[in-house]
Amino acid sequence: MKDNIQLFNDEKQDFKEVFRMYFQPLCHLSRHYLEDEFEAKGVVQDAFVKLWEVRSKLSADSNLGNFLFTLVKNNCLNILKRRQIILKHHEKIRAKELHYQYESLERIGDDFLEFNELKEKIELAVKNLPEHCRIVFEMSRNEELKNREIAEKLGVTQKTVEAHLTKALKILRKELKDYLPMIVVINEILN
Amino acid sequence: MDQVLITHILTNEATPEEKEIFYRILSESKEEEELYYEVKSLWLRSSMNHHTVDLDTEFNLLWNKISHPDQPKTYLKVGMILRFAAIALLILGIGGISGYLISQHSHQDIYSGVQKFTALKGSVGIIEFADGTKVWLNSGSQLSYHENGKQRLSELTGEAYFEINHIEDSPFSVKANQIVVRDLGTTFNIKAYPGDNLIETSLVEGKADILSNEGNTIAALNPGDCAVYQLNEKNIEIVPITQNVMSAWREGKFVIRNQRLEDIFSELSRWYDVKFKFENKELKDYRYTGTIRKSTTAQQVMKMLKLTANFNFRIVEEQTGSDLIIIY
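As you go down the protein sequences, you meet chains E and S in turn.
Using the numbering used here, read the first sequence as starting at 1 and increasing by one per residue.
Using the numbering used here, read the second sequence as starting at 1 and increasing by one per residue.
Simulated from the structure, these hints should not be mistaken for lab results.
Just so you know, not all the hints are guaranteed correct.
Stated by the list, open to error - Some chain E residues close to chain S (C-beta under 10 Å, calculated; not the full set):
#1 Lys12
#2 Ile108
#3 Phe137
#4 Glu149
Where a beta carbon is used, it is the ideal one built from N, C-alpha and C, also for glycine.
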């Protein structure tokens, strides 16, 4: 894996290489928490602009992924905080929602960008889901279809779709329990 | 914790009641809270490599920003079109997804200082100028911009929402067909699609003047005013702003208020890149009120309208150009 690229001999080319490696996963992260395509892309774009600006100050062994991740994460956290502040007082549920979004993002570690064992395990676990479960899960996660849309496409009820998703989650937790320490606790509570 | 409940939360389909229950559980139990974070993290990480972005285009946008730091920033609401394309392609059989993504980038041509921005069908663009001015450009609209001395001059075809950073000695003006709107510290919306006989200017904040092309003041707007200019009759009428209508398109919704079916369809065709044809002319005048999310597919919108308006439709796929929907 090419992580710590020496910045920047052929500056633009190397920069593009870094971009290719990190843009998509960073967008995935910011979209997940900001739930707004514009803002999400803006945040990631800004992080790369910053990286470009400080390129001369970076040493050869700087962890660029970490640098970008930290910028993106902090900017997203700030945006979530700001959204909480401008909420009107009757929007209590939305405030809670934002609070838990914030707390959840806060816990995402900088291993997020690493192409590690966990990522492979998750991919494998998804691949090994029972067929129907996997189809529904992938439609939901990869195609970002609503439960109702999945139901329509497959000609099943929305309840069935939900049941598949719930089952998929349950299996994934179980399969990955050694990799996500807290999942063990979940299974103990649930089963 | 209830597993179905957590699935609803993760897929963003929980009702307000379910959310309330869910967040109460989290606030009462530290364990449940941490467990939720883990499941959410799993959910996040389980689809890491699937969101399609066109990296070359994204890089060009970034590089453009880096090499011209003073130029306006532009973003595009790609998410909305993606959702539409993914589903609608199946239904209407329009082109390929990649074709869609590539063709909807707003481009900046820098000739003699004139910058042009285009939001193609199915996308809403945001332009942020270096002076802090922000413009939302609706689907199918075009804005050109240049500076002449201290004057900030723009020209609009279609619909745009302006948040102008007012600079005392540097006026911002928008030319739309026969009229010119001059800001006096302002947030406003202009709707001037070719083919429409009207230009609507709605003032949200501040003050704005409407001038004729010759530079004579025709109207002075106050917040809450909507000026409706008739191109043929060349007259102007001030009516109150219809709430929500202006902001809705920026949030990806069509708001329809007692509009004729024909006008609704002309709006829909701007978004969905389909054409409509009435076989039964009487249907044109049917009036409808409602809100439609733009992420809904054309097919679903048609079904919804069909329910109340009592018409039938069929889709004629075209090899080249937009598909045709016939109403009968």
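Verification of the supplied hints:
1. Below 10 Å, beta-carbon pairs count as interface contacts, and E/Lys12 has one with chain S at about 7 Å; its hint therefore holds.
2. Interface hint status for E/Ile108: upheld, as the beta-carbon distance to the closest one in chain S is roughly 6 Å, under 10 Å.
3. Evaluation of the E/Phe137 hint against chain S yields a held restraint, the C-beta minimum of about 8 Å falling below 10 Å.
4. Because the closest C-beta pair between E/Glu149 and chain S is about 7 Å apart, less than 10 Å, the hint holds.
Of the numbered hints given earlier, the model fails none.
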